[in-house]
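**Student:** Residues per chain are reported as follows:
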Amino acid sequence: MPLITLLTDFGTADPYVAEMRGVLYTRAPGVTLSDLSHSIPPGNARAAAYLLGRAWHRYPAGTVHLVVVDPGVGTGRAALAFSAGGHRFVGPDNGVFTPVLDLLDTMPVAIPEPPDAAPTFHGRDVFAPAAASLAMGLGPDRLGEPLITVPVRLTNPEPVYQGKTVVGEVISVDQFGNLITNLTTNEVPPYGIVEVEELEVGALSRTFSDVQSGHLLAYVGSGGQVEIAVRDGSAARRLGIGVGGRVRVRLG
Amino acid sequence: MPLITLLTDFGTADPYVAEMRGVLYTRAPGVTLSDLSHSIPPGNARAAAYLLGRAWHRYPAGTVHLVVVDPGVGTGRAALAFSAGGHRFVGPDNGVFTPVLDLLDTMPVAIPEPPDAAPTFHGRDVFAPAAASLAMGLGPDRLGEPLITVPVRLTNPEPVYQGKTVVGEVISVDQFGNLITNLTTNEVPPYGIVEVEELEVGALSRTFSDVQSGHLLAYVGSGGQVEIAVRDGSAARRLGIGVGGRVRVRLG
Amino acid sequence: MPLITLLTDFGTADPYVAEMRGVLYTRAPGVTLSDLSHSIPPGNARAAAYLLGRAWHRYPAGTVHLVVVDPGVGTGRAALAFSAGGHRFVGPDNGVFTPVLDLLDTMPVAIPEPPDAAPTFHGRDVFAPAAASLAMGLGPDRLGEPLITVPVRLTNPEPVYQGKTVVGEVISVDQFGNLITNLTTNEVPPYGIVEVEELEVGALSRTFSDVQSGHLLAYVGSGGQVEIAVRDGSAARRLGIGVGGRVRVRLG
Numbered sequence: 021m022p023l024i025t026l027l028t029d030f031g032t033a034d035p036y037v038a039e040m041r042g043v044l045y046t047r048a049p050g051v052t053l054s055d056l057s058h059s060i061p062p063g064n065a066r067a068a069a070y071l072l073g074r075a076w077h078r079y080p081a082g083t084v085h086l087v088v089v090d091p092g093v094g095t096g097r098a099a100l101a102f103s104a105g106g107h108r109f110v111g112p113d114n115g116v117f118t119p120v121l122d123l124l125d126t127m128p129v130a131i132p133e134p135p136d137a138a139p140t141f142h143g144r145d146v147f148a149p150a151a152a153s154l155a156m157g158l159g160p161d162r163l164g165e166p167l168i169t170v171p172v173r174l175t176n177p178e179p180v181y182q183g184k185t186v187v188g189e190v191i192s193v194d195q196f197g198n199l200i201t202n203l204t205t206n207e208v209p210p211y212g213i214v215e216v217e218e219l220e221v222g223a224l225s226r227t228f229s230d231v232q233s234g235h236l237l238a239y240v241g242s243g244g245q246v247e248i249a250v251r252d253g254s255a256a257r258r259l260g261i262g263v264g265g266r267v268r269v270r271l272g
Numbered sequence: 021m022p023l024i025t026l027l028t029d030f031g032t033a034d035p036y037v038a039e040m041r042g043v044l045y046t047r048a049p050g051v052t053l054s055d056l057s058h059s060i061p062p063g064n065a066r067a068a069a070y071l072l073g074r075a076w077h078r079y080p081a082g083t084v085h086l087v088v089v090d091p092g093v094g095t096g097r098a099a100l101a102f103s104a105g106g107h108r109f110v111g112p113d114n115g116v117f118t119p120v121l122d123l124l125d126t127m128p129v130a131i132p133e134p135p136d137a138a139p140t141f142h143g144r145d146v147f148a149p150a151a152a153s154l155a156m157g158l159g160p161d162r163l164g165e166p167l168i169t170v171p172v173r174l175t176n177p178e179p180v181y182q183g184k185t186v187v188g189e190v191i192s193v194d195q196f197g198n199l200i201t202n203l204t205t206n207e208v209p210p211y212g213i214v215e216v217e218e219l220e221v222g223a224l225s226r227t228f229s230d231v232q233s234g235h236l237l238a239y240v241g242s243g244g245q246v247e248i249a250v251r252d253g254s255a256a257r258r259l260g261i262g263v264g265g266r267v268r269v270r271l272g
Numbered sequence: 021m022p023l024i025t026l027l028t029d030f031g032t033a034d035p036y037v038a039e040m041r042g043v044l045y046t047r048a049p050g051v052t053l054s055d056l057s058h059s060i061p062p063g064n065a066r067a068a069a070y071l072l073g074r075a076w077h078r079y080p081a082g083t084v085h086l087v088v089v090d091p092g093v094g095t096g097r098a099a100l101a102f103s104a105g106g107h108r109f110v111g112p113d114n115g116v117f118t119p120v121l122d123l124l125d126t127m128p129v130a131i132p133e134p135p136d137a138a139p140t141f142h143g144r145d146v147f148a149p150a151a152a153s154l155a156m157g158l159g160p161d162r163l164g165e166p167l168i169t170v171p172v173r174l175t176n177p178e179p180v181y182q183g184k185t186v187v188g189e190v191i192s193v194d195q196f197g198n199l200i201t202n203l204t205t206n207e208v209p210p211y212g213i214v215e216v217e218e219l220e221v222g223a224l225s226r227t228f229s230d231v232q233s234g235h236l237l238a239y240v241g242s243g244g245q246v247e248i249a250v251r252d253g254s255a256a257r258r259l260g261i262g263v264g265g266r267v268r269v270r271l272g
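Going down the list, the sequences are from chains A, B and C. Following my numbering, the numbering of the first sequence begins with 21 at its first residue and continues without gaps. Following my numbering, the numbering of the second sequence begins with 21 at its first residue and continues without gaps. Following my numbering, the numbering of the third sequence begins with 21 at its first residue and continues without gaps.
Extracted from the complex, chain A is given alone in its bound form (with noise of 0.2 angstroms):
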């Protein structure tokens, strides 16, 4: 029996969560349940997004990723359901798995709305039974038809390259306050130069231990992105930007 991971915009605190769980035990008896995350800002496709491409490729093959970040949902928005990277994915097709569609092993098909379904949850009544049915074994072919569009991508914001320097931005900020951002090292090399706010944070270094507590630095973090942070503190708090903050990387 593989496992189903879940990934909502529903919080702690209201029953959908609970209900969708009860659905998936019910009907996938003595499936695994993992949560992936479900503090998604509503709505927030472009987080979920990033959550799962952080993360689905951590779990065994075969795991069932069920998406439910959906503020489309009752606007005719297709529900889908495929395989990618050898892991099976149901959710709202919109852009939510952007970072899987280009390892599609099945064409996406749309799941039908059953005649029963809450037209406001979605995730209840249409999504956690597929997930269901995926993992009792169920090829995502058998849930509807081919989807007859091309599924909806996200598209990050792309460093910009202006004279000797190229500007990104945060894309994420974590627990910590650690601004994490678009660029890799492929924009920024050892001699970059990184600036935030008028303020030089300095060359990438390799660990916070390169630095003194309450110091900035910029390292290349667990994911691959260049991150920023303050030691023992909050970079997020002592320079004031979040989510789209500009970050300036001097070149020479």
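Think of the hints as simulated: they come from the structure by calculation, not from any bench. A quick note: this is a predicted structure, and the numbers were derived from the prediction, not measured.
Incomplete in silico selection of chain A near chain B, CB under 8 angstroms: (1) PHE30; (2) GLY31; (3) ASP34; (4) ARG41; (5) GLY42; (6) THR46; (7) PRO49; (8) PRO62; (9) GLY63; (10) PRO91; (11) ALA138; (12) PRO139; (13) THR140.
We put the CB at the ideal spot given by N, CA and C, even for glycine.
Model the placement of chains B and C on the given structure of chain A, informed by the hints.
**Tutor:** Same frame as chain A, but now just chains B and C:
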């Protein structure tokens, strides 16, 4: 081995949930635990009853539902175990089980307090051991003597008719700021016009896409209640109301 | 297959916990994961040690406890694996294991850093693979070389005697605003009178029902510590104190 669900007001920051999980895994080896929620407002039996009522029947028959929302610990309220609707339930006799008391399969028993129970943490020392025993196959009647009183019931505020108007109220607010009311389609016919705080929300919509982004709508939520929302926004913030807030429906 | 528990300071909003769970499920197929907490204040080894000390012994013998509260990642602190009290433990050598260091079954080993480990995320790349290996049956001694130093211990503040008074302090505040102190019945006899901030709380009560709603009380909590609470309220808010706050006991 059946599932055990957990519903508490412990939050996530403290050791209580962790200790209870340890007791359950130790006394019911191989059991699967599923969180209903740990974010019930402290001591709020009504909020716990609402969530339990939404979720319990989604789980497989035989599931053990363990509820520890228990402001009365140490006050002599009984500790209950019983079977209802083909599921098993363990928790305090304070109204949290209201949604299932009409479905009793067995008469509730009062679980005696073990001599070494901490007087302030029956969740770990009374309820969790009882839930583990049920999961291991013991009948509720083996856990104590029949309850000699009638189990406590909470009554929801009932909608009130005033001429050609019916007045309900908000009974829950979800993660998205949607207002869940005590009204259903029994009180709100298709021609009823919903009003909140002198604002006309309008007749019931089928989905969020029936209105434009930023607009108010009323609709039948996934739990069967009339809910009030702002598309792509928070009705709670927009209207400045929460649990207990009045909702009027003009019937002609 | 034993359980693996997780104790981190990652919160719930970011991909780190999700990535670690994926690594554990991939390397220990069929394992059951149980969250101790992910809400430890960032880098607070003392809070992690307190929670681990409360919870570990409630789990079945053989459980693997994985702790990733690790402000020192990249600073050369050792990565530990060992057996104590019949359980197994993996995490940084920063004091988080203080509660079990007197119960060692095996000498701690220092886990070497794999060459491809992200320098900032040992949780995923060092600790989780080690925990999975233990769950799969490998002995701690197979994971590294014996630690050549003494494991780091944290010391709790000790109560101080001043004439006929003993002064303790608040070491934790729970979800309900109850204040957990470093005092036990060793320091607080039945005739001792507890005082906080010039207010007399009184002698130890047995349960919340010993006082009226809204009143302060002191009692022995489920962890054996003296705690201070307000019945149906928050002592932290009422008294305006938190961790480190002084608690005096008059002994005559």
